[in-house]
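Those protein sequences? They're chains A and B, same order as listed.
When you line the first sequence up against my numbering, it's residues 1 to 175, in that order.
When you line the second sequence up against my numbering, it's residues 1 to 175, in that order.
None of these hints come from the bench; they were simulated from the model.
It cannot be assumed that every hint is accurate.
One copy or two, it doesn't matter: identical chains are merged, so the pair holds either way.
[To be verified] In silico DSSO-like pairs for lysine-lysine, Cα to Cα no more than 27 Å straight-line:
#1 150 - 133
#2 134 - 145
#3 133 - 145
Each chain is listed here by its residues.
Number of protein chains: 2
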Amino acid sequence: MKDIQIRPAGEHDFDAMWSIFCAHVASGETYPFTTATSREAGHAYWLGPDVASFVATSGGARLLGMYRLVPNQLGRGHHVANASFMVSPSAQGAGIGRLLGEHCLDEARRQGYLAMQFNYVVSTNTAAIRLWKKLGFSIVGTLPKAFRHKRLGFVDAYVMYQMLQDPDHWPTVDA
Amino acid sequence: MKDIQIRPAGEHDFDAMWSIFCAHVASGETYPFTTATSREAGHAYWLGPDVASFVATSGGARLLGMYRLVPNQLGRGHHVANASFMVSPSAQGAGIGRLLGEHCLDEARRQGYLAMQFNYVVSTNTAAIRLWKKLGFSIVGTLPKAFRHKRLGFVDAYVMYQMLQDPDHWPTVDA
């Protein structure tokens, strides 16, 4: 796929983002949201205040995928980022997830985050887990039967994590 | 300590709850909140819609501690509960945490939760970790340097988990 650009998401992207979101949610295999999720809740998730969202487009037009970057905790956990990714079903297998992942890690470092955590990677989503490992993440926790998979029933979910800066060089903490 | 009751929290409890909350937050050793947390945010955390909160009182009056019980994820993760606990500094060491923990596990089972997860137990909070292990939790994940401890700097946090029902007897999943 040629001419892929990644840029901050805007209101004018939301129709296409919502369409990708709905496709993922309908599968019931990767995200906790159900089809009962309202468009308003989807909007808050992707374009709410304090959410940094980016989209990948082809030729500046067709939306191929997106990610959101937020602090995983407030306050004393604010140095750890959290991110979520969705690629359009029609663009899967073309390396968009990898481009978004690399962009997200760069963006998180740029914003000053010191680590990144995924709270809830469905254990049967092997393509995603393979990609995150390639991009430096490790599985640091296993949540037994924490995800209700639409086809497979209750399956494990993983917590994945990586440092974004060498911990020996993390800033000195002020109270 | 005698004559301890645990009952649902109400609006009239909030002044005392906020006072306990502020004491924990000021310590900077157990929860991610900083002292910048507004009373409104504290109210939403403890008494917001969809939050089940309970308080322990002595003789029906003095508030000794509290917990909140919520789903850890929506939708496909809604069967796993999450809970947070705070005991009044003046009541610590009297077994209030244990009473609240046992009450919370019972309440979660009563509400139909199948498992319980703590996302962010500060690794240096050894009294809490010992208690949760006694009450059946295991450490299922370690988040390196994920908590900015006020005195100790960046320290690890744990993910803790326990099944509330035998997984062999979890309900059959509907899509």
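Structure-based check of each hint:
Only within a single protomer do residue 150 and residue 133 lie at most 27 Å apart by alpha-carbon distance; the minimum there is 25 Å, versus 32 Å between protomers. Taking CA atoms no more than 27 Å apart as the test, residue 134 paired with residue 145 passes in both settings, with 25 Å inside one copy and 22 Å between copies. Taking the shortest Cα distances, residue 133 and residue 145 sit within 27 Å of each other both inside one copy (21 Å) and across copies (20 Å).
Hint compliance for this structure: no hint is broken.
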